[in-house]
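A.B. asks: So you can see what is in the structure, the chains are spelled out below.
There are 2 protein chains.
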Amino acid sequence: MIIDCHGHYTTAPKALQVYRDAQIAALKHPQAPRAKGLVAITDDEIRESLENAQLKLQRERGTDVTVFSPRASAMAHHVGDETTSLHWSQHCNDLIARVCALYPKNFVGVCQLPQSPGVPPERSIPELERCVTELGFIGCNLNPDPSGGHWTSPPLVDRWWYPLYEKMVELDVPAMVHVSSSCNANFHATGAHYINADTTAFMQFLTADLFKDFPKLRFIIPHGGGAVPYHWGRYRGLAQDLKRPALGDLIRNNVFFDTCVYHLPGIELLVNVVPLDNILFGSEMVGAVRGIDPETGAYYDDTKRYIDALTTLGDADKRKIFEGNARKVYPRIAKAIG
Amino acid sequence: MIIDCHGHYTTAPKALQVYRDAQIAALKHPQAPRAKGLVAITDDEIRESLENAQLKLQRERGTDVTVFSPRASAMAHHVGDETTSLHWSQHCNDLIARVCALYPKNFVGVCQLPQSPGVPPERSIPELERCVTELGFIGCNLNPDPSGGHWTSPPLVDRWWYPLYEKMVELDVPAMVHVSSSCNANFHATGAHYINADTTAFMQFLTADLFKDFPKLRFIIPHGGGAVPYHWGRYRGLAQDLKRPALGDLIRNNVFFDTCVYHLPGIELLVNVVPLDNILFGSEMVGAVRGIDPETGAYYDDTKRYIDALTTLGDADKRKIFEGNARKVYPRIAKAIG
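Chain order of the listed sequences is A and B.
Quick note: the first sequence, position 51, residue 50 per numbering that gives the first Met the number 0, numbers continuous.
Quick note: the second sequence, position 35, residue 34 per numbering that gives the first Met the number 0, numbers continuous.
Please note that a few of the clues may not be correct.
[What the hints assert, rightly or not] One-sided excerpt, in silico: chain A residues whose CB lies under 8 Å from chain B:
| # | residue |
| --- | --- |
| 1 | S146 |
| 2 | W150 |
| 3 | P154 |
| 4 | R158 |
| 5 | N183 |
| 6 | H230 |
| 7 | R235 |
| 8 | Y261 |
| 9 | L268 |
| 10 | V270 |
| 11 | A287 |
[Said to hold, decoys possible] Stretches of chain A that chain B covers, calculated by requiring three or more beta carbons in the stretch to come under 8 Å of a beta carbon on chain B:
| # | region |
| --- | --- |
| 12 | 186-192 |
| 13 | 215-228 |
| 14 | 327-334 |
Hints listed in this document are in silico derivations from the structure and should not be mistaken for laboratory results.
Built from N, CA and C at the ideal position, the CB exists for glycine as well.
Sequences are here, hints too, so could you generate the full structure?
C.D. replies: Here is the structure:
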């Protein structure tokens with residue numbers, strides 16, 4: 000079985016964006032009642048949105064199940080306030096739940112959290128709990144920068160985040176560290192903000208004792224770990240200078256990288272330097288890069304091809320990356336897919 | 000000849016920090032006169048600060064000349080105001096000039112600019128001009144985020160920066176894109192802020208037509224280009240989706256990466272994916288990582304060893320990386336070292 004740990008519902012029916020546009024327009028009238036409203040989407044519309052996109056690509060590429068979450072760039076936690084974010088998150092998560100109910104063999108859910116700048120992370124607990132216990136989700140996406148490129152929240156290792164972590168451990172669900180769109184003109188979303196957030200989170204984890212406080216807390220750092228594997232020597236050296244544990248020990252049970260790296264040399268580097276137990280197959284499909292690489296004739300984000308092409312890894316190692324590690328990081332997946 | 004394009008005076012005599020501490024203390028008395036003051040350092044103190052550090056390492060590692068600039072993390076453009084930054088930059092640059100005068104075969108100067116948050120970049124022109132025309136410097140370090148981790152300036156492709164670029168082109172000097180210390184708790188300076196800035200700058204260059212406006216403008220992106228080479232497929236794909244030029248064309252005469260990547264697999268990736276004409280040898284010595292790698296028994300930042308170890312490159316290619324490309328990017332170096 001091949002589990003893709005990183006997929007977003009980037010192809011959702013238009014009615015979702017219509018809802019969002021209306022929600023944003025209503026922010027101009029702060030005195031009006033804050034109705035949650037409805038997102039009117041039929042099952043057929045959901046099927047149609049997936050059949051020629053994620054499902055088609057799963058079949059073509061030979062992957063089985065996608066750990067599926069709302070479109071990351073659309074989370075936009077910086078828009079409006081806590082209520083805005085709560086209503087929007089609930090609708091987005093409900094839609095993921097409907098996808099998973101329609102295609103239980105193809106998708107398992109991961110939720111967006113109703114974060115908002117300055118709002119304590121524990122306020123996201125009810126929605127996390129709802130998604131896991133009622134909707135059968137197996138994890139969440141945690142935005143380290145709800146401000147959208149201004150980085151106004153405390154670092155992920157700050158006690159500010161601890162109540163949410165306690166709930167994650169209790170529910171036995173991991174978080175993918177995933178920012179959303181950027182409202183800072185310096186940061187292109189998928190070309191800079193995403194990658195920077197990955198690098199930033201890793202360095203935060205390196206410098207603090209978060210995992211002493213939460214030995215069972217687990218994070219997936221997407222996009223192949225940002226810049227980290229390329230600079231693995233730098234991070235080994237920084238850990239050493241700072242008298243921190245060796246990187247392998249530091250991340251062993253707590254920090255995992257996906258394989259959203261869109262060329263073979265990058266994937267080769269990743270599996271060469273990062274412990275194989277800490278790598279999860281992911282493609283970010285359909286996502287940041289949608290074209291076909293003229294150098295290979297295949298989609299850039301068909302990351303399975305790169306792993307298939309690796310000659311340095313045996314079948315057992317590839318099975319870890321494709322399935323085994325994901326089952327360890329997302330233990331609740333067993334209930335969903337057997 | 001082996002030219003190291005990335006060295007900082009991280010070992011400057013203590014009197015420099017004493018000056019800086021006093022300058023910062025004086026900020027508490029904004030009504031007091033703004034004297035530039037003196038930095039009292041003897042030539043012998045300068046010699047002593049280098050003999051057992053940069054000069055010793057040059058000899059041991061077999062490099063010839065270092066393109067040398069003030070300590071990057073100490074630029075701290077966010078401290079104080081424009082006057083603070085001007086006085087501090089002038090002293091730091093003067094000290095680099097003294098280093099170069101004492102050891103003209105070992106060091107050529109690159110200046111720190113007196114940037115300050117919100118202050119137009121053209122205000123840095125007089126100091127750039129002084130350093131190049133009077134002190135014989137061959138380039139500058141340009142901080143894309145003088146706010147120190149809050150990213151409040153316009154992107155590097157914004158016309159905000161153009162007057163400075165015009166002067167750089169006129170003087171025929173490049174800039175290394177280099178942030179300073181971070182006053183945002185999210186960003187560890189050398190482990191996150193530096194690398195993020197590199198990635199951010201590259202994506203800014205990718206998305207705009209800056210080099211159509213300035214065909215002769217040249218930037219070095221340090222630390223091996225941040226996350227960019229590891230995600231070369233992602234950036235090729237993003238350029239394609241955004242209908243931008245192919246990366247090789249985009250960077251050809253304008254964007255260069257150094258080799259400050261502290262392990263062999265990273266350097267292998269770099270030379271494998273980035274055009275060899277766009278790679279400059281650099282070590283960031285003495286800098287971000289000071290330890291010895293237990294896996295190799297050598298200093299992490301002895302990046303010459305990694306390049307020496309590359310079996311995929313011939314001597315002519317290595318000469319480009321060690322010398323030829325630097326001579327193209329810093330044409331004024333010829334006057335300094337022949």
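A.B. asks: If a hint holds in the structure, say so; if it doesn't, say that too.
C.D. replies: How the hints compare with the structure:
no., hint, verdict
1, S146, "10 Å, violated"
2, W150, "5 Å, holds"
3, P154, "5 Å, holds"
4, R158, "13 Å, violated"
5, N183, "6 Å, holds"
6, H230, "6 Å, holds"
7, R235, "7 Å, holds"
8, Y261, "3 Å, holds"
9, L268, "5 Å, holds"
10, V270, "10 Å, violated"
11, A287, "7 Å, holds"
12, 186-192, "holds (count 5)"
13, 215-228, "holds (count 5)"
14, 327-334, "violated (count 0)"
Violated hints, listed in ascending order, are 1, 4, 10 and 14; each of the other numbered hints is respected by the structure.
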